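Undergrad: Chain by chain, the residues run as shown.
Number of protein chains: 2
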Amino acid sequence: MTKAAGSSIPAAGPVAAQGGAGVLFQLLRDGKARTRAELALTTGLARSTVASRIDALIASGLVGPAGEGNSSGGRPPSRFAFNPYVRVVLAVDVGATHVIVAVTDLNGQVLAEQRLAQDVADGPEAVLGRVVKEGFSLLATAGRGMADLAGVGIGLPGPVEHSSGRRVKPPIMPGWDGFDVVSYVQRSLPVAVLVDNDVNIMALGERSAHWPADENFLFIKVATGIGCGIISSGTLQRGANGTAGDLGHVRVPRGDDVLCRCGNYGCLEALASGPALAAELDRQGITATNGSDVLRLVAQGNLQAIQLLRQAGRDVGDVLATVVNLLNPSVVVVGGSLGEAGEHLMAGVREVVYRRSLPLATAHLRIALSLAGDRAAILGASQMVTQHVLSPASIEAALQVPG
Amino acid sequence: MTKAAGSSIPAAGPVAAQGGAGVLFQLLRDGKARTRAELALTTGLARSTVASRIDALIASGLVGPAGEGNSSGGRPPSRFAFNPYVRVVLAVDVGATHVIVAVTDLNGQVLAEQRLAQDVADGPEAVLGRVVKEGFSLLATAGRGMADLAGVGIGLPGPVEHSSGRRVKPPIMPGWDGFDVVSYVQRSLPVAVLVDNDVNIMALGERSAHWPADENFLFIKVATGIGCGIISSGTLQRGANGTAGDLGHVRVPRGDDVLCRCGNYGCLEALASGPALAAELDRQGITATNGSDVLRLVAQGNLQAIQLLRQAGRDVGDVLATVVNLLNPSVVVVGGSLGEAGEHLMAGVREVVYRRSLPLATAHLRIALSLAGDRAAILGASQMVTQHVLSPASIEAALQVPG
Numbered sequence: 454m455t456k457a458a459g460s461s462i463p464a465a466g467p468v469a470a471q472g473g474a475g476v477l478f479q480l481l482r483d484g485k486a487r488t489r490a491e492l493a494l495t496t497g498l499a500r501s502t503v504a505s506r507i508d509a510l511i512a513s514g515l516v517g518p519a520g521e522g523n524s525s526g527g528r529p530p531s532r533f534a535f536n537p538y539v540r541v542v543l544a545v546d547v548g549a550t551h552v553i554v555a556v557t558d559l560n561g562q563v564l565a566e567q568r569l570a571q572d573v574a575d576g577p578e579a580v581l582g583r584v585v586k587e588g589f590s591l592l593a594t595a596g597r598g599m600a601d602l603a604g605v606g607i608g609l610p611g612p613v614e615h616s617s618g619r620r621v622k623p624p625i626m627p628g629w630d631g632f633d634v635v636s637y638v639q640r641s642l643p644v645a646v647l648v649d650n651d652v653n654i655m656a657l658g659e660r661s662a663h664w665p666a667d668e669n670f671l672f673i674k675v676a677t678g679i680g681c682g683i684i685s686s687g688t689l690q691r692g693a694n695g696t697a698g699d700l701g702h703v704r705v706p707r708g709d710d711v712l713c714r715c716g717n718y719g720c721l722e723a724l725a726s727g728p729a730l731a732a733e734l735d736r737q738g739i740t741a742t743n744g745s746d747v748l749r750l751v752a753q754g755n756l757q758a759i760q761l762l763r764q765a766g767r768d769v770g771d772v773l774a775t776v777v778n779l780l781n782p783s784v785v786v787v788g789g790s791l792g793e794a795g796e797h798l799m800a801g802v803r804e805v806v807y808r809r810s811l812p813l814a815t816a817h818l819r820i821a822l823s824l825a826g827d828r829a830a831i832l833g834a835s836q837m838v839t840q841h842v843l844s845p846a847s848i849e850a851a852l853q854v855p856g
Numbered sequence: 454m455t456k457a458a459g460s461s462i463p464a465a466g467p468v469a470a471q472g473g474a475g476v477l478f479q480l481l482r483d484g485k486a487r488t489r490a491e492l493a494l495t496t497g498l499a500r501s502t503v504a505s506r507i508d509a510l511i512a513s514g515l516v517g518p519a520g521e522g523n524s525s526g527g528r529p530p531s532r533f534a535f536n537p538y539v540r541v542v543l544a545v546d547v548g549a550t551h552v553i554v555a556v557t558d559l560n561g562q563v564l565a566e567q568r569l570a571q572d573v574a575d576g577p578e579a580v581l582g583r584v585v586k587e588g589f590s591l592l593a594t595a596g597r598g599m600a601d602l603a604g605v606g607i608g609l610p611g612p613v614e615h616s617s618g619r620r621v622k623p624p625i626m627p628g629w630d631g632f633d634v635v636s637y638v639q640r641s642l643p644v645a646v647l648v649d650n651d652v653n654i655m656a657l658g659e660r661s662a663h664w665p666a667d668e669n670f671l672f673i674k675v676a677t678g679i680g681c682g683i684i685s686s687g688t689l690q691r692g693a694n695g696t697a698g699d700l701g702h703v704r705v706p707r708g709d710d711v712l713c714r715c716g717n718y719g720c721l722e723a724l725a726s727g728p729a730l731a732a733e734l735d736r737q738g739i740t741a742t743n744g745s746d747v748l749r750l751v752a753q754g755n756l757q758a759i760q761l762l763r764q765a766g767r768d769v770g771d772v773l774a775t776v777v778n779l780l781n782p783s784v785v786v787v788g789g790s791l792g793e794a795g796e797h798l799m800a801g802v803r804e805v806v807y808r809r810s811l812p813l814a815t816a817h818l819r820i821a822l823s824l825a826g827d828r829a830a831i832l833g834a835s836q837m838v839t840q841h842v843l844s845p846a847s848i849e850a851a852l853q854v855p856g
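The listed protein sequences derive, respectively, from chains A and B. The first sequence maps to residues 454 to 856 in the numbering used here. The second sequence maps to residues 454 to 856 in the numbering used here.
Extracted from the complex, chain A is given alone in its bound form:
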């Protein structure tokens, strides 16, 4: 599924197979310490299997001793727990005009972080070259080396072919179309490299940090573009060609006479994105060229800007009402620069979603502002890598040596 160079979780020793190691490790990932007997009881694995798999996991460093359990007489048994500090992840958030690079541990805790001003239109080699350079620097800051790096996760604005990490016809990213991001990064950082679009990654980050119990979760980003990250049954959904969540060109009834840059009329992005609001303010005689101008005017209490932002919320809500009926999520998080700007957009969203969605679909629905804010993408990029390199299959493959 994912193009990724050889795993950097080291092999443990000359064992023929590690069936069960993945299951054991998944159990231990919650951070709780357990004895071998407890692990055997919970997994149903034979005690001898548990013993050998735990040995392999300890040799890899992923699991470490964590004190002693209760004794039933005799020497108390050893307890073991996940060690999230043994490896680190390089998490990268490429925006239209910024890049954030961070080093996290395997639990997504940020150990070192740097925000750079960088125009994505400078092209992939300029942007990714800086990412790699900054990555080495941050690893040093965190006191870690290449041997500690489990993988690199990168969020890019717009559609990405997740399986190859290639950008697909990026509307705001000249030079990136078809560029092999994974291979380019792996030339300098020969580890697992995973790439996805920013909204998918923000959905992963927001959920893992703040809504881990919600299996059906939506993250909608309202900024220069409008898009949606979909988590259904606990899994990020990318669709058949990786374009799932592309809400920007869904039709909003109110906009039937508004031409979108895609050639259709009435697209959500043509009505409710930052540039669309700025253009409308401009038509009303108020100077504004982008979403930041709109947000500045809203902060200054400009009534027209506030009205437009609330109407944008209603337009987003109009599309979200359909999405809520279709997917029945328990949480919808609104993020992106316009979403994070506060309650004006949210008021419009809530107004329409609760009016238009079915009572059953909204009975327990929460619509919330992003809590992760501009860290959502970094957290999600880290999460994307740990989901991959710490999956049961990856763990068993990494521990396995042809014996």
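Note that these hints are calculated values from the structure, not bench results. The reader is advised that the hints may include incorrect statements.
Chain A regions said to be covered by chain B (calculated; three or more residues, Cβ under 8 Å) [as the list claims (entries may be wrong)]:
1) 666-675
2) 682-690
3) 705-715
4) 776-788
All figures in this text were calculated on a predicted structure; none of them were measured in a lab. Idealized CB from N, CA, C, for every residue including glycine.
Chain B: place on chain A using the hints.
TA: Then chain B, alone, in the frame of chain A:
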């Protein structure tokens, strides 16, 4: 997740744990015969583990000997394969005015089938009482007994709380609200009983029979009601409260002045369902009271009925365009009585979906009529049961005996 009485896959003997049996069995479910050595190589399980798990699976009857493999000198090794005939499933499709009951094997092949005229409004005890009686009779017809029954799968029209099998506020099913379908059926058939709404089950059946390679799949049913079964990443999506796929009350711009029975204006069902089309024909002076009348008129070449059906297709397409942008499926199947009526509705659907969806989302999209037809629900009900009782966890639990 699913309320289900004790599994009817028998235990294999006094072994402490069956870790790996589930994985082995999943591999064998494709029907191909394999040797123990091949199984060890593919799964990475130790040969001793493979040997003991295969013994347990053979004892359960789920796996049987299947000839011999190639010898590298000496006695040729035995090969093993899944035996889908060892157990059967009772698959039930409850419609508004009919019930279909079938006995299938574990591959979904129908062994015996009966179609009954039965009004769902007669209430759960009348309908399910008949289902149980017919089930026993069909088991006898197929030459099987209760000991062979792996589970019962039931599709009901409208929203179902899948975890409990209880109907949720059913608009067309008086007497069913909150009725415990699972417990009622288990009183006579003490096996795993799974319940879901008809559209979800039709999606499962259509995909398993005709589109098994498509992991992102939609089934839209256009009949008295309009709903959608969503399969994303190969998994049926039910949402947080089991209402995912409820498209009937999504707003269609054209219908802003049409009042729906739900109290909102412009709902898809108020415009494009069988009763809506019949009511519109009636307004035009052509006698029609339901979808069957509309279909009869279409078959007779009535121009107004044909025009209405095509416009209904455009309305469905309007909503589907959003769904396609959102979920990026590779296949959309149109079923239900109006969907199956032929190309008039489909023409409207295709027209709007290809016009309104993003090129990336429709580049490889197929929009097809249902191939399973009125057997989709039966096939899906069978599939729902086998997915549950033959899952790795169920297999390992069934083979496990506290040792």
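Undergrad: Does each hint hold? Answer for all of them.
TA: Comparing the hints with the structure gives:
no.	hint	verdict
1	666-675	holds (count 3)
2	682-690	holds (count 5)
3	705-715	holds (count 3)
4	776-788	holds (count 7)
Checked against the numbered hints given earlier, this structure breaks none of them.
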